[in-house]
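Engineer: With the hints as constraints, model all of the structure from the sequences given.
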Amino acid sequence: SISPISSDVKLEKMDDNFVVKIRSSKCKFCPKGVGEAELTEGTICPFPGIVEEFVNYFSEKKVELTRDQYRALQKENDWCIIKYKEI
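If you're matching positions, the sequence shown starts at 27 in our numbering and goes up one per residue.
Because the hints were derived from the structure by calculation, they are not lab data. A few of these clues could be false.
[To be verified] With a straight-line cut-off of 25 Å between C-alpha atoms, the simulated SDA-like cross-links for lysine to any residue are:
1) Lys87 with Leu37
2) Lys54 with Ile113
3) Lys54 with Glu86
4) Lys36 with Asn103
5) Lys36 with Lys109
6) Lys39 with Lys101
[As the list claims (entries may be wrong)] Here are the in silico distance ranges between beta carbons for each label pair:
7) Asn43 with Ile76: 14 to 20 Å
8) Glu86 with Lys52: 27 to 33 Å
9) Glu86 with Ser51: 32 to 38 Å
10) Asp42 with Ile70: 16 to 22 Å
11) Arg93 with Phe55: 16 to 22 Å
12) Pro72 with Lys111: 16 to 22 Å
13) Tyr83 with Asp42: 18 to 24 Å
14) Ser33 with Tyr96: 17 to 23 Å
15) Ile113 with Ser51: 15 to 21 Å
16) Tyr96 with Pro30: 15 to 21 Å
17) Ser33 with Gln95: 27 to 33 Å
18) Lys87 with Ser51: 27 to 33 Å
Small disclaimer: the values here were computed from a predicted structure and weren't measured. All residues carry an ideal CB built from backbone N, CA and C; glycine is no exception.
Structural biologist: Spelled out as C-alpha cells, the structure:
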C-alpha cells in the first residue's frame, strides 16, 4: 500500500496507462500541503519519479512517466495527477 504518502490515494488503470491521484491537502510530503509553502504548480514533488522507479524495479512491467509540457504532474482541484504509460 502507498497510503503512508496520503490518506487519500487513487489508482486507475486504462489499457496500457495508469494514473496515480494523490489528494494534495492530505499528502504528508507536499511542501504546500504540509507547510503551506507558496510554490509554482508542479514543482518539487518527488513522487512521479519515485513511483516510476518503484514499478520498474519491482514489477515485470515497465512504465514511463507521461509528461504534459515538461510537467511531471498536473493539478486538478485538490488532486495531484501523475500519469504513466506501459512500455
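Engineer: Now, for every hint given, state plainly whether the structure supports it.
Structural biologist: Hint by hint, here is what the structure shows:
This hinted pair checks out: Lys87 and Leu37 have alpha carbons roughly 16 Å apart, not beyond 25 Å. With a CA separation close to 30 Å, the supplied pair Lys54 and Ile113 exceeds the 25 Å bound. Note on Lys54 and Glu86: the hinted pairing is violated, with a Cα-Cα distance of about 29 Å set against a maximum of 25 Å. This hinted pair checks out: Lys36 and Asn103 have alpha carbons roughly 15 Å apart, not beyond 25 Å.
Pair hint Lys36 plus Lys109 holds up; C-alpha atoms about 12 Å apart against a cutoff of 25 Å. At roughly 19 Å between alpha-carbon atoms, Lys39 and Lys101 fall within 25 Å of each other, so this suggested pair holds. Against the hinted window of 14 to 20 Å, the Cβ-Cβ separation of Asn43 and Ile76 comes to about 19 Å, which satisfies the hint. Range check, Glu86 to Lys52: about 31 Å between beta-carbon atoms, so the 27 to 33 Å window is met.
Between Glu86 and Ser51, the C-beta spacing of about 34 Å keeps the proposed range 32 to 38 Å intact. Roughly 28 Å separates the CB atoms of Asp42 and Ile70, a value that falls outside the hinted 16 to 22 Å. Judged by the Cβ atoms, the range 16 to 22 Å given for Arg93 and Phe55 holds: they are separated by roughly 20 Å. A hinted range of 16 to 22 Å for the beta carbons of Pro72 and Lys111 is consistent with their spacing of about 20 Å.
For the pair Tyr83 and Asp42, the supplied restraint of 18 to 24 Å holds, since their beta-carbon distance comes to about 19 Å. Take Ser33 and Tyr96: their Cβ atoms lie about 30 Å apart, and the range 17 to 23 Å is violated. Between Ile113 and Ser51 the beta carbons are some 32 Å apart, a value that contradicts the proposed interval 15 to 21 Å. For Tyr96 and Pro30, the hinted distance range of 15 to 21 Å is not satisfied, since their beta carbons lie about 28 Å from each other.
For the pair Ser33 and Gln95, the beta carbons lie near 30 Å from each other, so the given range of 27 to 33 Å is met. Distance hint check: the CB atoms of Lys87 and Ser51 are about 31 Å apart, consistent with the given range 27 to 33 Å.
Checked against the numbered hints listed earlier, the structure breaks hints 2, 3, 10, 14, 15, 16; every other hint is satisfied.
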